[in-house]
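**Student:** The lines below spell out each chain.
Number of protein chains: 2
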Amino acid sequence: MARVLYELCGIDEGLLFSPYCWRVRYALAHKGLEAETRPWYFTDKQALAFADHDKVPVLVDGDSTVTDSYEILRYLDRAYPGTPLLGEGMAESRARFFKHYAERALQPAMMRTIIMDLLNAIHPKDRDYFRETREKRFGRTLEEFHSPAKGLAQLDAALAPLRGQLQDSDFLDGAVPAAADYLVFGSFMWARIVSSADLVSNADPVYGWLERMLELHDGLGQKAMRVTDIEGAYR
Amino acid sequence: MARVLYELCGIDEGLLFSPYCWRVRYALAHKGLEAETRPWYFTDKQALAFADHDKVPVLVDGDSTVTDSYEILRYLDRAYPGTPLLGEGMAESRARFFKHYAERALQPAMMRTIIMDLLNAIHPKDRDYFRETREKRFGRTLEEFHSPAKGLAQLDAALAPLRGQLQDSDFLDGAVPAAADYLVFGSFMWARIVSSADLVSNADPVYGWLERMLELHDGLGQKAMRVTDIEGAYR
Chain A
1 MARVLYELCG
11 IDEGLLFSPY
21 CWRVRYALAH
31 KGLEAETRPW
41 YFTDKQALAF
51 ADHDKVPVLV
61 DGDSTVTDSY
71 EILRYLDRAY
81 PGTPLLGEGM
91 AESRARFFKH
101 YAERALQPAM
111 MRTIIMDLLN
121 AIHPKDRDYF
131 RETREKRFGR
141 TLEEFHSPAK
151 GLAQLDAALA
161 PLRGQLQDSD
171 FLDGAVPAAA
181 DYLVFGSFMW
191 ARIVSSADLV
201 SNADPVYGWL
211 ERMLELHDGL
221 GQKAMRVTDI
231 EGAYR
Chain B
1 MARVLYELCG
11 IDEGLLFSPY
21 CWRVRYALAH
31 KGLEAETRPW
41 YFTDKQALAF
51 ADHDKVPVLV
61 DGDSTVTDSY
71 EILRYLDRAY
81 PGTPLLGEGM
91 AESRARFFKH
101 YAERALQPAM
111 MRTIIMDLLN
121 AIHPKDRDYF
131 RETREKRFGR
141 TLEEFHSPAK
151 GLAQLDAALA
161 PLRGQLQDSD
171 FLDGAVPAAA
181 DYLVFGSFMW
191 ARIVSSADLV
201 SNADPVYGWL
211 ERMLELHDGL
221 GQKAMRVTDI
231 EGAYR
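Chains A and B supply the protein sequences, listed in that same order. Number 127 in UniProt numbering belongs to position 127 of the first sequence; there are no gaps in the numbering. Number 148 in UniProt numbering belongs to position 148 of the second sequence; there are no gaps in the numbering.
Derived by calculation from the structure, the hints in this document are not laboratory data. Some clues are possibly wrong.
Unchecked claim - 30 angstroms max Cα-Cα, derived DSSO-like pairs, lysine-lysine:
| hint | chain 1 | residue 1 | chain 2 | residue 2 |
| --- | --- | --- | --- | --- |
| 1 | A | Lys-150 | B | Lys-55 |
| 2 | B | Lys-150 | A | Lys-136 |
| 3 | B | Lys-150 | A | Lys-150 |
| 4 | B | Lys-55 | B | Lys-136 |
| 5 | A | Lys-150 | A | Lys-45 |
Unchecked claim - Some chain A residues judged to face chain B by a derived CB distance under 7 angstroms, without partners named:
| hint | residue |
| --- | --- |
| 6 | Gly-87 |
| 7 | Arg-94 |
| 8 | Phe-97 |
| 9 | His-100 |
| 10 | Ala-149 |
| 11 | Gly-164 |
| 12 | Gly-174 |
| 13 | Ala-178 |
Note that this is a predicted model, so its numbers are computed, not measured. Even for Gly, the Cβ is constructed at its ideal location relative to N, Cα and C.
Chain A with its partners taken away, still in its complex shape:
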C-alpha cells in the first residue's frame, strides 16, 4: 500500500503551502521516505472523516493513520528509528519548544505580513471559509489585520534567539538538521509559497540558514511551486 500524505493546496493542485505539511515533507525526506500527495482543501472536511480529524497533514502509512504534524514526527521516529528527528527524553521535550516558537512567535508575525497574499493563493472555493474563520479569530477584517510594517517589526524581534543559535552552528540542531530545523522552517516555506515578501534580509544569519534549508534533500524547498510561478496568479 502506497504511503499517502494529505496536503493543503491552493489555486493550483501543486501549490502546497501549509507550514505543518512542510514539516512532514521534510521529515519524510529526512528518513528517506516517499509519500504520494493527496490534495486537500480547507472545505473538504468530509475527506478526512476516515481519520476522525478536520485538518491536514494526515499521513496514511500502511495500517497507520496519523494526524497532527508533531505527532507524525513522533510516529516516524517510532516506525523508522534510523536518523532520529525528535529523539527522546530531554531532546524531544526541547524540540517541542521549537514547535511553539514557530507557531506562537514567528507565524503570527508572518501572518500580519502575508495575509492578503495568502488569501490570494487559496483556492477560490476556500476563500469564504478562510475569511470567516480568520476574521473571527483576529476579531477584525483581514484587511484591518494586514500590516506588513507591524508584522515585519514583530518578526524582527521574534527572530533574535534564532540569530544567536545560527551564529553558533549551521542548523538549529547543530551540524546537521533535524526536527528543530523542520519545525521552524515549515513556517518560512508557508510564507515563501504564497508571497514574494522579503522576510529576512540577506545580512541576517537566518538568511544563510534559509538558503541551506532550501537546498536540503535534493532541493526539496527550492523546487516547490510558488504562487509567483503561476502566470497571472500573483497580484
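Given the coordinates of chain A, work out where chain B should sit on it, guided by the hints.
**Tutor:** Same frame as chain A, now just chain B:
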C-alpha cells in the same frame, strides 16, 4: 580544595543577582554539588585575572577553572555525568536555544522594566561603571531606556512560546527540570532579586512554573535574599 563560585553581589554581600550565576547555582544543586560563594563586584576585574576573564560566574573546581555559565554547565556534565543538565548531540544543541531565548528575547524586555531597580540594588562602588557601560550599550541614559510599559508588553509577547511549552509539561525539559529550565529561570531570578515588579500574572501558565522553580532543590530560589528583604534598601 573547596569548590568556589565567584558570584556578582550588590548592596549586600548576600544579594546575589546575576542571571548567569543563578544558572550555575541551580546546575550545581541539580548535580548535588556544593560551592562556596566568593563575592564579586563589577569593578573587581583584577580579582578574575587568574581566570583570564572579566565576568562572573567563574567556577573553580579542584584544578579546573571554568568561565561562562553555559561552559560551566558543559563542564559539570563532563565532570559529573550523573543526571545530565544539557545532555549530548541534539539535546545539547536544543538547550543552547534556551540560552539565546533567555538572553535575547526575555532579558532585554525585563531590563526595560527593572533597570532603575537594578541600579538601586547594585553596590554604590559599581554604579558609575554600570551606568557608563549600559548607557553606551543602549545609546541613551538609563532613565530614557527605562520603560516598564514597553518592557512588560515586550515580555508578554516574548513569553508566548514558553506558555505553549508549559501547557504541555511541568518543566521546559519535561516532567523533571534540567538545563533548559535553569537557563531560562536565571533571568527570572535576576529580576526577582532586585525588583518587586510583577512580570507574570498569576493566571499565566508561566506563573506556576516559576513557583515550581522557586521550590526546587530545597527552595533554593525561594530562600534567596531579595532587595526587599534589606531594610530601607528598596526605593
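**Student:** Please list, smallest to largest, the hint numbers that this structure does not respect.
**Tutor:** 1, 5, 10
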